[in-house]
Each structure stands twice: as C-alpha cells, then as structure tokens.
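Trainee: Residue numbers (full-length UniProt numbering), protein chains in the order written: chain G, 1 to 214; chain S, 1 to 214.
It should be emphasised that the hints constitute simulated quantities derived from the structure, not laboratory data. There may be inaccurate statements among the hints.
Where chains are identical, the list cannot tell them apart; a pair therefore holds if satisfied intra-copy or between any two copies.
Taking lysine-lysine and the BS3-like style, the derived pairs with C-alpha atoms no more than 27 Å apart in a straight line are [unchecked claim]:
{"id": "1", "residue 1": "Lys208", "residue 2": "Lys78"}
{"id": "2", "residue 1": "Lys78", "residue 2": "Lys14"}
{"id": "3", "residue 1": "Lys102", "residue 2": "Lys212"}
{"id": "4", "residue 1": "Lys129", "residue 2": "Lys14"}
{"id": "5", "residue 1": "Lys129", "residue 2": "Lys2"}
{"id": "6", "residue 1": "Lys2", "residue 2": "Lys205"}
{"id": "7", "residue 1": "Lys38", "residue 2": "Lys208"}
{"id": "8", "residue 1": "Lys38", "residue 2": "Lys205"}
{"id": "9", "residue 1": "Lys205", "residue 2": "Lys129"}
{"id": "10", "residue 1": "Lys38", "residue 2": "Lys102"}
{"id": "11", "residue 1": "Lys212", "residue 2": "Lys14"}
{"id": "12", "residue 1": "Lys212", "residue 2": "Lys10"}
{"id": "13", "residue 1": "Lys75", "residue 2": "Lys102"}
This one's a predicted model, so the numbers in the text were calculated from it and none came from an experiment.
There are 2 protein chains.
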Amino acid sequence: MKHYTNSDIKNLDKLFRLNLINSCTGYKSANLLATKSKSDQTNVAVFNSVHHIGSNPAMLGFILRPTTVPRNTFKNIKETGFFTVNHIHETMIEQAHQTAAKYENDISEFNQTGLEEEYLDDFFAPYVKQSSVKMGCRYLNEYHILENDTILVVAAIEHLYFEEGIQAPDGWLRLDDAGTIAINGLDGYALPVLLDRFHYARPGKEIKSFFKKE
Amino acid sequence: MKHYTNSDIKNLDKLFRLNLINSCTGYKSANLLATKSKSDQTNVAVFNSVHHIGSNPAMLGFILRPTTVPRNTFKNIKETGFFTVNHIHETMIEQAHQTAAKYENDISEFNQTGLEEEYLDDFFAPYVKQSSVKMGCRYLNEYHILENDTILVVAAIEHLYFEEGIQAPDGWLRLDDAGTIAINGLDGYALPVLLDRFHYARPGKEIKSFFKKE
C-alpha cells in the first residue's frame with residue numbers, strides 16, 4: 001500500500017495535498033447553498049461539507065474555510081439569518097460546479113449557470129428550482145475550529161421539500177431515486193446506487209435486509 | 001412536492017424522524033472507527049459522520065451523539081489519544097453494519113464480525129485489514145455543540161494508507177476504484193460510480209472535464 005506520514009503530507013505540493021486530503025475521508029454530500037442579501041442580491045454556491053447534526057431538533061451543519069469560502073454566502077446568512085440547501089442531482093453537475101467560479105460581487109450565479117431561483121412558502125432565501133430535495137434553513141450558531149481557523153455553522157431545518165416517490169413508509173428518503181450525487185474530493189461527481197438497506201443490528205443475529213426475502 | 005415544516009418534523013414519530021432527517025442532507029461518508037483501550041481491548045464501529053476539516057494541517061472530524069454513540073470508541077480515544085478511520089468497501093457492508101450491535105463491553109466487534117485487526121508502523125490503534133483506504137488519527141480537540149448536546153471531535157491525520165492504483169497524478173483518490181461506499185441515512189449502503197471530474201471553474205468559461213476530450 002502507498003503510505004504517507006504526517007510529515008510527508010505536510011511537505012506535499014499544496015494542490016496535490018488538497019486533492020489527496022479532500023478525498024481520503026470518503027464521499028461527501030453534494031449541495032447548493034442559496035442566499036439572498038438584504039438588497040435582494042441572490043447567490044448560489046456548491047458545498048461538499050453539509051452534514052447531519054441532529055434529528056430532534058432537526059439541524060444540519062457545514063464548514064466554512066476562510067480561504068475557499070464563496071464570499072457572499074456567509075455574509076448573506078449572517079445578514080439575513082436564512083439560506084437554503086438544495087441537493088445536486090445527476091443532471092446538474094456542470095451547473096453546480098460552475099457556481100464555484102469567482103464572479104463579481106454584483107453578479108448572481110443563478111443568472112450565470114442556468115440554475116433557477118424558486119421562492120416557496122414566503123421563505124426569504126431562494127431555493128434551486130431544479131433540485132428535487134431542498135431545505136429552508138435558519139442560522140443558529142457557529143463554532144470556531146481553532147486548529148485551522150475554520151467555522152462550523154449550525155442551522156435549523158425549517159422546511160423540507162422532496163418528491164414524494166422517494167420516501168419509504170418509515171420516513172427514509174431513497175437518494176438514488178432522487179438522482180442525488182455524492183462528491184469525491186473537491187471536483188469529482190459520483191452517482192451512487194443503493195446496494196442494500198439493513199435492519200437494526202443485534203448481537204449474535206444475522207443482518208437482515210429491508211429488500212431481500214429470506 | 002411533499003413539504004414538512006419544522007413543526008411537522010417536531011411532531012413526527014421518533015424513528016420516522018430519525019430516518020427522514022438523517023437522509024435529507026445527502027450522502028454521508030462510510031467509515032469504521034477502530035480503537036484499543038489501555039488494557040488492550042479493541043473496538044470497531046460504523047460511523048457516517050466523518051468529514052474533512054482541513055488539508056494543512058490534515059484533519060478530519062466526526063460527530064458523537066450521546067444517545068447513539070458506540071460506548072467504547074470515545075472512551076478509548078480519550079484514554080489513549082488514537083484511533084483509525086477505515087473506509088467501508090462494497091464487500092464489507094454487512095460486517096460494517098453488524099458493528100452497530102450492542103455487544104457487551106468485554107467483547108470486541110472484531111471477533112464478532114469477521115473484520116480483522118491489523119497493526120501498521122507501530123501505531124497504537126488497530127486498522128481494519130480489509131479496508132483499502134485507512135488513516136491513523138490523533139485526537140486534537142472537541143467542540144460541544146450546545147444546540148443538541150453533541151460533540152464534534154477534531155483529529156489529525158498522522159498516517160494515510162491506500163492502494164496505489166486509486167491515486168491520480170494530481171493526488172486525488174478515485175474512490176470508486178477503491179470500491180468505497182456512501183451511506184444513505186442510517187442504514188442504507190450505496191455504491192457510487194464517478195460521472196465526471198471537472199477542472200477549476202472560471203467566470204464565462206465552459207466547465208472542462210478531466211476525462212472527456214474536446
């Protein structure tokens with residue numbers, strides 16, 4: 001096996017290290033965060049760091065890196081308190097990636113990428129119309145990660161929308177039915193297919209599939 | 001589209017809400033965390049919350065939920081400072097899921113699941129032999145998330161091992177070549193296939209694939 005120690009990693013070329021360390025923790029979620037400023041300027045940006053924080057209350061988090069953060073997303077969230085999280089689907093990967101381009105401040109990525117703004121139930125921030133799973137979120141708190149000067153933003157899920165056909169009777173959303181993408185590293189877009197879903201594991205009992213009959 | 005508000009979500013049955021909110025943020029990484037206590041008792045447990053924190057220094061994080069945390073993983077990490085993160089591959093999903101069963105404290109999940117311990121380069125914690133991407137990690141810090149009493153653990157990546165053939169010349173690890181899994185919700189295991197990888201996005205320029213020729 002190839003082996004890198006921490007000092008090997010430290011001495012790597014910067015871009016090589018970014019590619020390596022961003023891909024070694026496994027697949028990441030693929031979402032578009034959309035916001036609107038107080039002066040009605042919209043903004044949408046690809047994020048690979050959105051993750052589950054808790055179910056009750058329903059909360060998610062994401063990491064902001066000061067060096068790579070889309071400039072307007074965090075400013076708008078702090079200014080207005082609201083943002084939306086929209087799944088990236090297999091048909092949207094080029095548009096989603098294009099949102100990472102450094103546009104001028106007064107240009108909305110919505111206009112530049114073909115992604116469409118959608119407003120639902122009087123929520124302040126725009127959703128991405130093309131997304132088939134989307135959430136309206138409210139800023140709750142932030143935690144400064146001292147080790148590398150990044151920020152974990154924690155938010156409440158206030159609205160959740162999805163295409164009805166992707167939900168199982170027990171609440172679970174089957175993401176491959178939605179065409180949701182996973183991100184490999186910084187710039188790889190992968191389409192997952194469900195292999196299996198298992199019932200609660202118990203000591204000494206064989207794992208049972210939700211789908212396969214005994 | 002199906003729509004849940006925050007009060008709808010709050011009033012859901014607990015298990016239904018767990019399934020729904022754990023799947024709505026998108027795919028999660030699929031890893032086994034392995035530890036060893038001071039008294040040489042090993043432990044391995046499935047985690048879907050490992051995520052990238054930063055590349056320089058190379059760090060990852062994961063969320064511990066007090067109600068669902070495997071009891072020994074965190075105790076061993078605090079006691080010894082070390083743990084390993086091992087990718088779950090397509091051939092290991094049943095064994096990985098079985099590690100979530102509540103075994104007695106003096107039973108190692110390694111013995112119960114067919115996952116094998118492996119010790120590399122004198123690192124204190126065991127790796128999972130079957131994993132083709134694995135990291136030796138050192139505890140750095142923890143952040144108490146006040147909103148739901150969970151903990152973000154931040155750790156340094158001190159060793160990184162992987163099968164050489166999965167690395168691109170620019171450092172990136174192609175996870176579908178490794179057979180790495182993504183997790184859908186709490187108990188769904190999906191196998192991603194790379195659709196494309198894109199070069200750095202620039203305003204007004206068409207997105208360029210790493211693979212497709214113009």
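Trainee: Take the hints in turn and mark each one as holding or not.
Mentor: How the hints compare with the structure:
{"no.": "1", "hint": "Lys208 / Lys78", "verdict": "neither (45 Å within a copy, 33 Å between copies)"}
{"no.": "2", "hint": "Lys78 / Lys14", "verdict": "neither (31 Å within a copy, 31 Å between copies)"}
{"no.": "3", "hint": "Lys102 / Lys212", "verdict": "between (48 Å within a copy, 24 Å between copies)"}
{"no.": "4", "hint": "Lys129 / Lys14", "verdict": "neither (36 Å within a copy, 30 Å between copies)"}
{"no.": "5", "hint": "Lys129 / Lys2", "verdict": "between (43 Å within a copy, 14 Å between copies)"}
{"no.": "6", "hint": "Lys2 / Lys205", "verdict": "neither (37 Å within a copy, 36 Å between copies)"}
{"no.": "7", "hint": "Lys38 / Lys208", "verdict": "neither (51 Å within a copy, 34 Å between copies)"}
{"no.": "8", "hint": "Lys38 / Lys205", "verdict": "neither (56 Å within a copy, 29 Å between copies)"}
{"no.": "9", "hint": "Lys205 / Lys129", "verdict": "between (45 Å within a copy, 23 Å between copies)"}
{"no.": "10", "hint": "Lys38 / Lys102", "verdict": "within (21 Å within a copy, 50 Å between copies)"}
{"no.": "11", "hint": "Lys212 / Lys14", "verdict": "between (46 Å within a copy, 25 Å between copies)"}
{"no.": "12", "hint": "Lys212 / Lys10", "verdict": "neither (47 Å within a copy, 32 Å between copies)"}
{"no.": "13", "hint": "Lys75 / Lys102", "verdict": "within (16 Å within a copy, 44 Å between copies)"}
Going down the numbered hints, you'll see the structure goes against 1, 2, 4, 6, 7, 8 and 12, while the others check out.
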